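Chemist: According to numbering that gives the first Met the number 0, the stretch in the sequence shown is residues 0 to 267, in order.
By construction, these hints were calculated from the structure, which means they are not laboratory data.
Owing to the predicted nature of the structure, the values given are computational and were not obtained by experimental measurement.
Mixed in with the good hints there might be a few duds.
[To be verified] Simulated pairs of lysine to any residue, SDA-like, Cα-Cα distance not exceeding 25 Å:
#	residue 1	residue 2
1	K86	A29
2	K86	P132
3	K181	A134
4	K86	G114
5	K86	L146
6	K181	A7
7	K181	P132
8	K181	D163
9	K133	S99
10	K181	T242
11	K86	P143
12	K133	L146
13	K86	A134
14	K86	A156
15	K86	A48
16	K86	A151
17	K181	S99
18	K86	A154
19	K133	D205
20	K86	R18
21	K181	P197
22	K86	G135
23	K181	A154
24	K181	P143
25	K86	P44
26	K181	A153
27	K181	P243
28	K181	D248
29	K86	H70
30	K86	K181
31	K181	V231
32	K181	G135
33	K86	K133
34	K181	T158
35	K133	D122
36	K133	R178
[Unchecked claim] Label-pair restraints from in silico Cβ distances:
#	residue 1	residue 2	range
37	R25	N218	32 to 40 Å
38	S2	A130	38 to 46 Å
39	T242	A156	29 to 37 Å
40	D205	T246	20 to 28 Å
Every residue gets a Cβ at the ideal spot worked out from N, C-alpha and C, and that includes glycine.
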Amino acid sequence: MTSSLQLASVHLRVADLARSVAFYTRLGFASATRSAGRAELASAPGETALLTLTEDRTAPTAPRDAAGLFHAALLLPSRAALGAWLKHAATAGVEFDGFSDHGVSEAIYLADPDGNGLECYSDRPRDAWPASPKAGEVAMFTQPLALQSLLAEAAPASTTPLADARWGHLHLRVTDLARSEKFYRDALGVALTQGSYPGARFLAADGYHHHLGLNTWGNPRSAQPPGTLGLVEATFTRRGIVTPQTTRDPDGIALRIISTSADHTKPV
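Please put together the full structure from these sequences, using the hints given.
Modeler: If you want it as structure tokens, here you go:
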């Protein structure tokens with residue numbers, strides 16, 4: 000089944016392009032295109048770009064109480080692939096911020112040189128996701144990740160450790176959960192999949208655990224200021240979109256919505 004919704008690409012504004020490209024290359028990203036002040040990166044050579052980096056050496060850091068990117072999450076195709084990526088990243092000297100088991104997935108957290116949050120994760124099979132007593136929701140949680148087990152099941156080392164990876168979800172800091180939930184329900188066609196996690200809500204299409212996370216952790220009080228380092232735009236594909244849409248959420252976060260590839264193959 001073709002998914003009706005997917006986070007297709009993420010565009011970040013960075014202070015030092017060479018530094019950021021070197022960091023993401025260490026993670027396993029491959030260069031897709033490069034020009035003055037801009038780079039596009041893919042999960043492997045020859046693949047479609049997933050990440051765009053634009054340099055602005057004068058851009059300020061957003062205030063700590065501003066809304067914006069919490070993390071962008073890269074979904075690896077299997078637990079074995081996640082374990083192999085972890086070995087690769089550790090050998091490359093990448094520093095990690097955390098390791099969590101969420102029941103539905105296993106996740107590794109880190110940040111890029113500008114403080115943009117990243118997650119690399121793999122999903123458990125859907126029939127193993129913890130059930131919630133609330134219809135249509137899943138019971139995600141946060142527990143320690145079984146690192147030794149993950150490493151023991153790692154696939155053999157590869158020169159393309161992110162092969163077949165794609166963005167799995169976007170997680171944002173917002174100033175008002177209810178307001179943002181309504182906006183994204185309408186914009187992306189998502190439904191609430193967990194509303195009981197303190198200070199957060201998770202939303203998805205197609206029965207996934209979440210394509211979008213929203214939180215108010217740290218009590219953000221202001222919209223994302225324009226022109227700051229961090230998220231420039233997130234692009235989602237959504238089934239049924241005829242004309243690409245560009246909008247901003249209630250906190251000023253830019254969103255682009257385009258048609259899925261399946262839409263282009265439908266008979267006229």
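Chemist: None of the hints should be skipped; say for each whether it holds.
Modeler: Evaluated hints:
1. K86 to A29: The hint holds at about 18 Å.
2. K86 to P132: Roughly 37 Å separates the two Cα atoms, so the pair is violated.
3. K181 to A134: 19 Å, holds
4. K86 to G114: The hint holds at about 22 Å.
5. K86 to L146: Distance of about 11 Å is within 25 Å: holds.
6. K181 to A7: Holds: K181 and A7 sit about 22 Å apart, inside 25 Å.
7. K181 to P132: The hint holds at about 23 Å.
8. K181 to D163: Distance ~32 Å between K181 and D163 Cα, so the pair is violated.
9. K133 to S99: Measuring from Cα to Cα gives roughly 23 Å; hence the hint holds.
10. K181 to T242: 22 Å, holds
11. K86 to P143: With a Cα-Cα distance of about 18 Å, the restraint between K86 and P143 holds, given a limit of 25 Å.
12. K133 to L146: Given pair K133, L146 is violated - Cα atoms ~31 Å apart, limit 25 Å.
13. K86 to A134: 38 Å, violated
14. K86 to A156: 8 Å, holds
15. K86 to A48: 24 Å, holds
16. K86 to A151: Judged against 25 Å, a Cα distance of about 10 Å means the pair holds.
17. K181 to S99: 28 Å, violated
18. K86 to A154: OK: K86 and A154 at ~10 Å, within 25 Å.
19. K133 to D205: Distance of about 17 Å is within 25 Å: holds.
20. K86 to R18: 22 Å, holds
21. K181 to P197: 18 Å, holds
22. K86 to G135: With Cα atoms ~36 Å apart, K86 and G135 exceed 25 Å; violated.
23. K181 to A154: 41 Å, violated
24. K181 to P143: Violated, at roughly 32 Å.
25. K86 to P44: 20 Å, holds
26. K181 to A153: Roughly 40 Å separates the two Cα atoms, so the pair is violated.
27. K181 to P243: Distance ~21 Å between K181 and P243 Cα, so the pair holds.
28. K181 to D248: Status holds; Cα separation ~10 Å.
29. K86 to H70: 21 Å, holds
30. K86 to K181: 40 Å, violated
31. K181 to V231: Holds: K181 and V231 sit about 22 Å apart, inside 25 Å.
32. K181 to G135: 17 Å, holds
33. K86 to K133: 38 Å, violated
34. K181 to T158: Distance of about 43 Å is beyond 25 Å: violated.
35. K133 to D122: 21 Å, holds
36. K133 to R178: Measuring from Cα to Cα gives roughly 22 Å; hence the hint holds.
37. R25 to N218: 32 to 40 Å: About 33 Å separates the Cβ atoms of R25 and N218, which means 32 to 40 Å holds.
38. S2 to A130: 38 to 46 Å: About 22 Å separates the Cβ atoms of S2 and A130, which means 38 to 46 Å is violated.
39. T242 to A156: 29 to 37 Å: Violated, at about 44 Å.
40. D205 to T246: 20 to 28 Å: 22 Å, holds
The structure fails hints 2, 8, 12, 13, 17, 22, 23, 24, 26, 30, 33, 34, 38, 39 (numbered hints given earlier, in ascending order).
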